[in-house]
Amino acid sequence: MPTSVISVRDLSVNYDGHQVLDRVNLDIRPNEILVLLGGSGSGKTTLLRHIIGLEAPNAGNILIRGVDINNCSAEVLKQIRRQVGVAFQEAALFNSLSTEENVALPLRELTNLADPVIEIMVYITLAAVGLAESGKLMPHELSGGMKKRAAVARAIALDPGILVFDEPSAGLDPIVSAELDELILFLKQAFQMTIVVVTHEISSAFRIADRIAMLYKGSMIAVEDKESFKASTHPRIRQFLDRVPDKVVETPTVQEHLRELSGMTGVES
Amino acid sequence: MKILEGIGAGVIQQFAYIGGLSDQFWSGIRALPRVLPVIGRRGRWRDAIRQMTAIGVSALPMIAIMAICSGMILALQGAGELRRFGALRYVIDLVAVGFTRELGPLLTAIVVSGRSGSAFSAEIGTMVVTSEIDALRTMALDPVEFVLAPKYLAAILMVPCLTIMCSVFGILAGAGFMYLSTHMTLGIYIRYVFDSILLRDVFGGLIKSVAFATIIVHVGCMEGFKVRGGPEAVGRSTTSAVVRSTFLVILADLFFTAVFYLARMQ
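Residue numbers (the working numbering), protein chains in the order written: chain A, 1 to 269; chain B, 1 to 266.
Next up, chain B with everything else stripped away, as it sits in the complex (with noise of 0.2 Å):
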């Protein structure tokens, strides 16, 4: 009985959390407008620049080693496949629609769930800790308004703006195992990735980039707005935020991989 009434209150404790989830991403939704130049509040703007910069800019180099070592390695393990049946030039394919549908986007958000979902969650964990949370409450400041739509806005836009990159530089990749094992030409190269991958492809792995960001800020700041007691609950917190939206990413990954490849069906 105590099993069962422990799943039961698991099932329950998730359902919990995903109900705060969906609350806190419709405030966050509303809260958008307020970020935006002109027509926000003055100066919100300035806060998504600093977070676009934060989330973005600073990711680039990471990504950017992360996406050629990813290139390398799938290029590597598709040639030693496909040489077999005399398909190199099959890498080409492999390597772009795999960086564009589904390593690009991954890839990206992996890297900033590490990065800017830790921050996150660490930052409002600490705000909750020392009162600043409170404060925003008690001055009838709007805490998803105040601490998480500029991170929202900020991610939204940077993190699509990183898969590209990290499309590119994977796809780069390729083109330098190309070179050094065929000698292919850049344009060449680039020319067959062209050939192989489509709008929808580029567009399949964008929708995929919004949604990660969108869970990748949600969960972190949730885990910030969560902590109670000190600071190593604020610790706790950012190892869960990482868990967590890195785990609901690849559910993610998977319901639009999915999506996307009955729509292909049709």
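Extracted from the complex, chain A is given alone in its bound form (with noise of 0.2 Å):
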């Protein structure tokens, strides 16, 4: 039996000569929150689109329970799938479906369950998000914060094990964010989930992590419990927690603009 629910081990992305991922090893612990941090363009959006199975690594495994997902057959590529839900950052519900189809989907096309059944299971799993009155409102009609949640309730329908999100904060504001932050603490309080959220939100990491990993242009430079992180000297992750830029970008005043006018002799202020 594996001690980590998933594991990433020596992983190497390179898209046309560019690394993306330098050997990144993590072990990801059953029924923890781990938030995977990192600035623009880190690579944790990529690490998190091969631990999900939407790529495949040029080197290195990604293990799953124990399966590695980029050497196992079809079969059981789709078994894997069953225990991972994604809520994606856009939230990608299906513009067609009305909120409670969308919920729906994963469990009519995956399971031969009977359609009261399901109609029961769609209600229990929006009420566990908070859109018990929203089922039949399409996704248009629902606010940023409500999208986010039903694609949560999307992603729990099939009571998968492993949830994981991606940048579930981005575009929301501070109060929302903090409702979708209780609700991932409630997922893993009342689901025993695993919980992997990728983000590069300090405050809501700090509120919801057991574990924060980070990543660095492509390389993973801490792995560590949130007290350890935060107190940590590594110069990258103090500058991205203390909000350091890289350098200091100097705007000219409006004088200095206007003394590089030709034939200007002075400006007074």
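There could be a bad hint or two in this list.
Stated by the list, open to error - Below, a list of computed lysine-lysine pairs in the DSSO-like style, where the Cα atoms sit at most 30 Å apart:
#1 A/LYS78 with B/LYS226
#2 A/LYS226 with A/LYS188
#3 A/LYS217 with B/LYS226
#4 A/LYS217 with A/LYS230
#5 A/LYS136 with A/LYS188
#6 A/LYS78 with A/LYS188
Unchecked claim - Computed from the model, here is a short list of chain A residues facing chain B with C-beta under 8 Å:
#7 ILE52
#8 ARG81
#9 ARG82
#10 VAL84
#11 PHE88
#12 GLU90
#13 ALA92
#14 PHE94
#15 PRO106
#16 GLU109
It should be emphasised that the hints constitute simulated quantities derived from the structure, not laboratory data.
No residue lacks a Cβ here, since even glycine has one placed at the ideal position from N, Cα and C.
Fit the two chains together into the complex; they arrive one by one in their own frames, and the hints show the way.
What follows is the structure in structure tokens.
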């Protein structure tokens, strides 16, 4: 029995000669919330896409519950995918289906449950994410926060055991973002799920994480519990946490612009 | 040397495209039974019905107008020459055979390519951009089965129906011309039509229409699945879907016409 639910082993990804991930190793334990932090272009979304099996790596392995998802049969991969729910950054709800039809989709397609049973399960799932009264609404009628909740409901419909969030708070106001954090904590507690969250929201990470991993330019520079991470002296972690820019941009003043104009002899402030 | 490299890269790209298309074609064929009522996945056939309305019923007015105009044009052009030889009656053969073998399937394919091929590409391209296709894959659902197969089933059923309607409207336009120029009644006109066309002409046209439907659906969907980037890539994919599918439809038309011609020679 593997101790890690998800294991990433020496994962390297290269797009057209550009190294996006470089020998990344990561173990995600059962029933923990692991937050994957990193700046823009650090490779966190690429790592996530490999973990959920949307892309195949150039080198290395990804094991989910001990199964190498890049070296297994299509049938086994299908079984593995049923154990992993994904809530995408843009929610990725099907616009032609209502909210409840979106949630019912994996149940209708991947199980032989009777329609009345599916209806009950959909209602319970929507109630769990706080959308019990919004099942009939179409995706375009939902707010940003409601869309993300609906996406979570669809992701947990098959009771997956592993739940992956891509930038859950992107585009949301702080209050809705905090509500989503509470929902993630609730899901872990109520359904005993292992949760991976990709984000660059530091406050959200410290609120929900059991452990925090950080990517910098395609390399994993830290995988620590959140207290150790907060106290880290690693320069790149400190820069990220203290919000220090790489270089200070100096903006010329209006007077300096005016002085550069031809024929300008002087500028008075 | 750079020119040779460029030509080589272009050839490889086209072969890769055709390879991808044939791979998608076989996936589509395998997925078709799962869209059928009773034996298919529950409710999937409803999606095919929706697509039939979009591909077939909604396209009928445009196809009817185009077929009537083209039938009139063909009759007028034919009559201009045939009248000189006192062979105006052969306008009926020209219109009937021309529409049944050629113009019916081709006009229908061009309309369906412009209306539905571009729509397939835009729909799937948007699904790619908004991660809906990724969502399907992470739910262990096959995008070809879920998105392409209902469209394919709808197209291979509706495009032959539209082709028949296109041929009927085109031939009826010929009847209009013959009535105006020679006062030939509809009954006599139809008798001449049945004398001039053979059952193999009808089947030939229908075989072409199924092939054209296959090209339009697979090229449209392939261009959608290939979308990378943002909304502007969706726009490019729709243009590419129409251009490529129209080009391939004409190539396929040449191929089938040559095969049927050789078969008639035997």
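Status of the hints after comparison with the structure:
no.	hint	verdict
1	A/LYS78 with B/LYS226	23 Å, holds
2	A/LYS226 with A/LYS188	17 Å, holds
3	A/LYS217 with B/LYS226	28 Å, holds
4	A/LYS217 with A/LYS230	20 Å, holds
5	A/LYS136 with A/LYS188	27 Å, holds
6	A/LYS78 with A/LYS188	24 Å, holds
7	ILE52	5 Å, holds
8	ARG81	4 Å, holds
9	ARG82	5 Å, holds
10	VAL84	7 Å, holds
11	PHE88	4 Å, holds
12	GLU90	5 Å, holds
13	ALA92	4 Å, holds
14	PHE94	6 Å, holds
15	PRO106	5 Å, holds
16	GLU109	6 Å, holds
Hint violations for this structure: none, all hints satisfied.
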